[in-house]
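Below are the chains, spelled out letter by letter.
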Amino acid sequence: MSEVTLEIDGKKVTAEEGTTILEAARCAGIEIPTLCYHRALSPYGGCRICTVEIFRGRRSRLVTSCVYPAEDGLVVNTKSDNVIRDRKVLIELMLAKAPKAKAIQDLAREYGIKETRFKTEDPDNLCILCGMCARVCEERVGVSAINFVGRGVERDVKTPYQGTVDIDFDVCIACGSCASICPTGAIKLEDITAKKPAPILSEFEMGLDSRAPIYIPFPQAIPNVATLDRSQCVHFATGKCRICEEICGADAINFEQEDEVIEIEVGTIIVATGYDQFDPSVIPQYGYRRYDNVITGLEFERLSCAAGPTEGKILLKDGRQPESVALVHCVGSRDQNYHEYCSRVCCMYALKYAHLAKELAGADVYQFYIDMRCFGEGYEEFYKRCSEEGVNFIRGKVAKVTDEAITDEEKGKLIVVSEDTLLGKMVRVPVDMVVLCSALEARSDAEDVAKLLTINRRADGFFLERHVKLDPVATPTDGVFIAGCCEAPRDIPDTVAQAEATAGKALSLISKGTVTLEAAISTIDESICHGCGRCEEICTFSAPKVADKDGKLVSSINEALCKGCGSCAVVCPTGAVSIRHFTQDEILAQVSALTEAK
Amino acid sequence: MPRLKSSAELEKLRQKILSKRDPDRPTIAICSGTGCHAYGSEKVNAALEKELKKQAPKGEVDIRRTGCHGFCEKGTLVVVYPDEICYVNVKPEDAAEVVRSAIDHKIIDRLLYVDPTTGKKVTHQSDIPFYKHQNQLIFGNNRQIDPKSIDDYISLGGYSALSKALFQMSPEEVMEEVKRAGLRGRGGGGFPTGRKWQTTRDAAGEPKYVIVNCDEGDPGAYMDRSITEGNPHCVIEGLAIGAYAIGSHEGFIYVRQEYPLAVDNLIIAIEQAEEHGLLGENILGSGFDFKVKLHRGAGAFVSGESSALMTAIEGKVGEPRPKYIHTSEKGVWDRPSCLNNVETWANVPLIISGGAMSYASIGTEGSKGTKIFSLVGKVNNTGLVEVPMGVTLRDIVYKIGGGIPGGKKFKAVQTGGPSGGCIPEQFLDSRVDFDELARLGSMMGSGGMIVMDEGTCMVDTARYFLEFLADESCGKCTPCREGIKQMLDILTDICAGRGIEADIELLEELSEVLRDTSLCALGGTAPNPVLTTLQYFRDEYEAHIKEKRCPAYVCKDLVAYYIDPAKCKACMICLRNCPADAISGGKDTIHVVDQGKCTKCGNCLDTCPARFNAVVKISGEPVPPPLADDERVLVRGKE
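Quick note, the sequences are listed as chains Z and L, same order. Every number in the working numbering is 38 more than the matching position in the first sequence, counting from 1. Every number in the working numbering is 19 more than the matching position in the second sequence, counting from 1.
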């Protein structure tokens with residue numbers, strides 16, 4: 039692409055051939071006002087506000103800079119007398135067309151226009167017929183749900199045959215692009231479609247905020263790059279858009295990318311698949327998902343985060359600050375009906391939220407606990423501090439959360455009904471916000487992962503370690519290690535320690551360079567084996583595998599995994615499997631030796 | 020009909036057609052253009068056919084339904100050959116006599132045209148002053164051609180220009196010839212045609228398109244209609260020659276849907292040309308392929324703008340595109356496209372067969388050849404006139420047009436349609452060509468010429484054109500969509516007596532902005548009617564604003580009808596004819612118009628007997644109060 043050099047307002051500007059005067063000016067920091075221009079859309083040249091005066095030799099012309107190409111040797115004046123005069127009258131005309139539109143009022147103010155000499159037909163009209171809504175819907179969204187209808191002064195923006203026939207031409211996908219690109223707020227989505235826009239809820243923000251189809255999952259994501267959600271991306275829905283690809287200065291976006299299946303041969307696998315938060319909506323009496331202001335611990339975490347959806351302000355769903363907050367321990371944990379185990383981290387994070395609720399919202403805090411498990415470094419001291427800050431601790435299991443008020447004080451609040459075992463009676467505590475300390479539970483796909491890696495799960499759903507006390511990071515399957523909450527609920531310091539332990543174990547395997555195997559392991563006589571697979575089925579260590587070898591199905595033993603337990607030898611119907619050092623002959627020889635007469 | 024495979028075969032066919040025609044055989048040519056159609060030419064034709072069956076059952080007399088002859092004031096026109104006897108205002112009842120006269124080579128006196136200046140009857144069509152002062156190079160063939168017959172066209176030498184171009188000239192030579200002839204676009208812009216062809220030829224991209232613009236939208240203009248209705252083949256031939264020069268193999272003819280006869284005749288003509296091997300593949304065996312498609316308009320004036328027309332051909336809404344990208348480089352589907360007006364294409368065969376020099380010998384320095392104008396309005400001989408460039412306005416209006424009817428005074432002539440301007444009396448001797456008219460503040464436009472007399476209000480005229488443009492604006496750009504509407508509002512106010520002093524300045528300011536910033540020529544030239552009327556008839560504006568007076572007595576809100584009690588003879592004619600029952604009075608009571616009920620229809624003025632002449636129009640002054648009842652009694656004395 040060759041370059042052109044032109045002069046804009048006395049300044050020398052270079053630009054790539056094919057750029058418009060407007061784009062070249064903007065790159066050079068010269069602002070030209072526009073109303074119907076958007077860099078994601080093809081130039082329209084409708085509003086004429088961006089008119090500039092161009093000079094070639096002695097001749098001059100007035101052209102719209104958003105469309106006119108930057109030519110070599112062109113001299114441009116964006117503020118000549120003619121331009122200013124014309125622009126002012128155009129603004130006056132727009133002011134008559136849409137007197138309440140803020141964008142026009144701002145322009146008028148900038149050019150010193152106080153009122154318009156022209157007649158206004160509809161003083162409430164906001165539409166200036168810039169066409170950006172129609173163009174974004176056609177060029178980018180690709181459904182053309184709205185477009186211009188009518189000619190001249192009758193021109194308007196509508197859906198096909200809107201209001202004139204009884205057929206529903208509603209192809210709108212309620213993406214809201216038209217409403218968001220409209221410079222004057224004239225477009226109301228409810229005028230175009232009965233469909234309601236469904237925001238894409240951000241997984242990281244616990245559904246408290248929305249995200250775009252292309253997004254960086256969270257600020258410290260590794261790798262810190264964007265990912266494209268194919269199910270929501272407009273390009274994959276309609277074939278159009280691709281704005282992200284055009285805007286990306288690094289040409290990093292590739293719509294043709296497909297999932298790749300890569301096979302890697304490894305000697306060690308570390309499983310660190312984490313946990314899921316228990317969904318309290320299965321406990322209907324706690325009101326989760328029924329009441330707006332009953333939230334889980336992770337949701338409170340996002341509210342209190344300065345980079346979160348509310349910029350660190352603790353807010354109720356209607357935007358107010360809560361005057362009182364209740365924290366409910368052991369939701370789904372220490373509970374016969376759900377999980378019997380203790381989730382270990384909730385007592386401490388509940389204290390943290392109690393402290394934050396006081397600090398950020400100045401709220402009264404009521405903490406409903408069974409025990410306060412403050413076992414770690416500085417934990418007990420923090421508990422004492424919260425108590426001194428005025429957090430109210432109520433020992434008792436919460437029975438229910440309700441909005442049915444009995445007294446005036448309870449009206450408009452959420453009432454936490456609980457037993458207070460120290461007082462020996464039921465209490466009703468009206469609060470604005472209820473935070474449920476939801477249990478940590480095994481991931482929903484833990485079963486699939488376990489099967490894949492032939493590791494086992496405990497009764498509580500988490501992965502089984504080799505020895506609960508003496509080998510907590512290894513699994514019975516050699517070479518597969520587990521770390522973090524996938525093994526059991528634990529807090530951050532413990533998780534980090536365990537991760538280092540797992541890494542150490544894996545490294546020790548790798549650094550040895552060799553693996554010492556059991557000597558007495560299975561071996562298969564391939565001439566006898568006919569690949570029935572019973573050995574593969576019975577082995578708990580996944581050592582035998584049946585595969586095609588030179589056209590024949592035979593089993594083969596992964597010597598690194600085999601423990602020499604002999605189960606496969608027992609079930610083998612043909613006797614193809616035998617244990618080394620325990621062959622028939624060797625056993626018989628031992629028996630012979632034992633029974634030999636002295 | 021086997022396809023013609025060579026230039027020689029075309030000639031042979033021509034000779035064959037001519038040999039079958041007996042030049043002495045009587046032929047009745049009846050004008051069947053849309054104008055005469057409105058006069059009832061269909062019925063006249065049916066009557067003639069019936070009479071022919073009766074009186075000339077063996078086919079001794081031919082009948083030819085031709086295209087428009089141009090003298091639309093005098094429809095239905097019937098011309099009897101070989102003596103070229105021209106009959107005007109023919110009715111079905113005259114059919115028998117016409118056929119009789121054709122067979123007997125006699126003349127029907129009462130049906131002849133009477134020259135109003137001499138009072139004498141004129142026998143031959145070419146002697147009629149309307150025709151005599153014209154130079155009908157393009158239009159003249161209409162009289163000889165039945166547009167539904169390609170044979171008629173061929174018999175007159177049709178397609179010989181195409182044959183010459185294909186076999187005796189290279190595309191570059193054809194281009195040079197058109198350039199040297201100095202042909203300029205007849206659609207309004209007056210752009211040098213040869214230059215446009217060259218740009219299209221040089222532009223990168225295939226395929227290249229050639230397009231005929233028959234969207235003729237100017238109110239009062241119907242030249243292109245008459246050409247495409249009456250002689251569609253000359254347009255097709257010109258288009259094919261242009262395609263050859265440019266290197267295009269595909270052409271479009273964009274016809275407005277409001278011209279059904281033109282659509283029909285073009286479809287027939289294209290079919291016939293294809294049948295004869297004059298269109299389609301391997302034309303006349305030359306190896307040159309060219310096919311033509313017809314595209315019908317959807318009812319928008321703006322679609323006549325070249326970039327809007329191309330957008331419409333693409334199937335989209337006809338909206339103009341930014342003009343910095345020339346359509347001759349990026350037109351239909353972003354391919355090089357050469358668009359020219361119907362009349363421009365119709366001039367091309369003439370240039371090729373007659374030569375550039377011969378063509379350039381007609382016209383002025385800057386504008387060569389002839390131009391067809393539609394002469395309408397307050398003029399005696401309304402119709403289509405074809406004159407060489409450089410003829411004066413006076414000659415057109417008076418010599419050909421026959422002057423202003425009713426002995427009224429000439430006021431102005433409006434040229435160029437809604438993009439043009441009004442030219443006052445002092446410039447009547449200006450020579451009509453592209454540059455002269457532009458110098459006067461107007462433009463040639465497509466050729467509309469509206470004559471105005473003292474009874475035309477110039478402010479109302481400006482308002483009329485703005486009303487038209489407000490309706491036809493596509494609405495894309497702010498200055499045109501909003502600006503024209505506001506100008507129209509101001510002018511409507513002025514015509515209604517609500518004008519204020521600042522209005523004229525505001526109109527002038529808006530005009531500048533529209534000129535500078537409009538996206539296309541519709542908005543860009545919209546101020547012209549306002550600006551020219553302001554320039555030459557500012558006093559009328561000021562009368563409307565300052566005195567609330569309409570000097571031409573046209574603007575209804577500023578005009579009152581008043582019965583002069585001194586002249587009223589209480590004959591009750593106006594009273595009975597008033598549709599609003601606004602006149603009170605009796606057999607001996609002087610009539611009075613109730614201004615509250617009066618709808619300004621003008622019936623009273625029209626029906627008051629000429630010898631009384633009691634009804635007058637008043638403007639700019641209060642209506643005198645009616646006489647007291649006893650004073651209204653009419654005493655009839657001896658007259």
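The set of hints was computed from the structure by calculation and includes no laboratory data. Be aware that one or more of the hints could be misleading.
[To be verified] Calculated pairs, EDC-like style, for lysine to aspartate or glutamate (alpha carbon to alpha carbon, straight line, at most 16 Å):
| no. | chain 1 | residue 1 | chain 2 | residue 2 |
| --- | --- | --- | --- | --- |
| 1 | Z | K157 | L | D576 |
| 2 | Z | K543 | Z | D509 |
| 3 | Z | K126 | L | E527 |
| 4 | Z | K126 | L | D479 |
| 5 | L | K575 | L | D479 |
| 6 | Z | K126 | L | E531 |
| 7 | L | K335 | Z | D409 |
| 8 | Z | K157 | L | D522 |
| 9 | L | K636 | L | E561 |
Now the hints, each set against the structure:
1. Z:K157 to L:D576: violated, 21 Å
2. Z:K543 to Z:D509: Holds, at about 11 Å.
3. Z:K126 to L:E527: holds, 15 Å
4. Z:K126 to L:D479: violated, 29 Å
5. L:K575 to L:D479: holds, 10 Å
6. Z:K126 to L:E531: holds, 12 Å
7. L:K335 to Z:D409: violated, 74 Å
8. Z:K157 to L:D522: holds, 13 Å
9. L:K636 to L:E561: violated, 19 Å
Consistency with the previously given hints fails for numbers 1, 4, 7, 9, ordered from lowest to highest.
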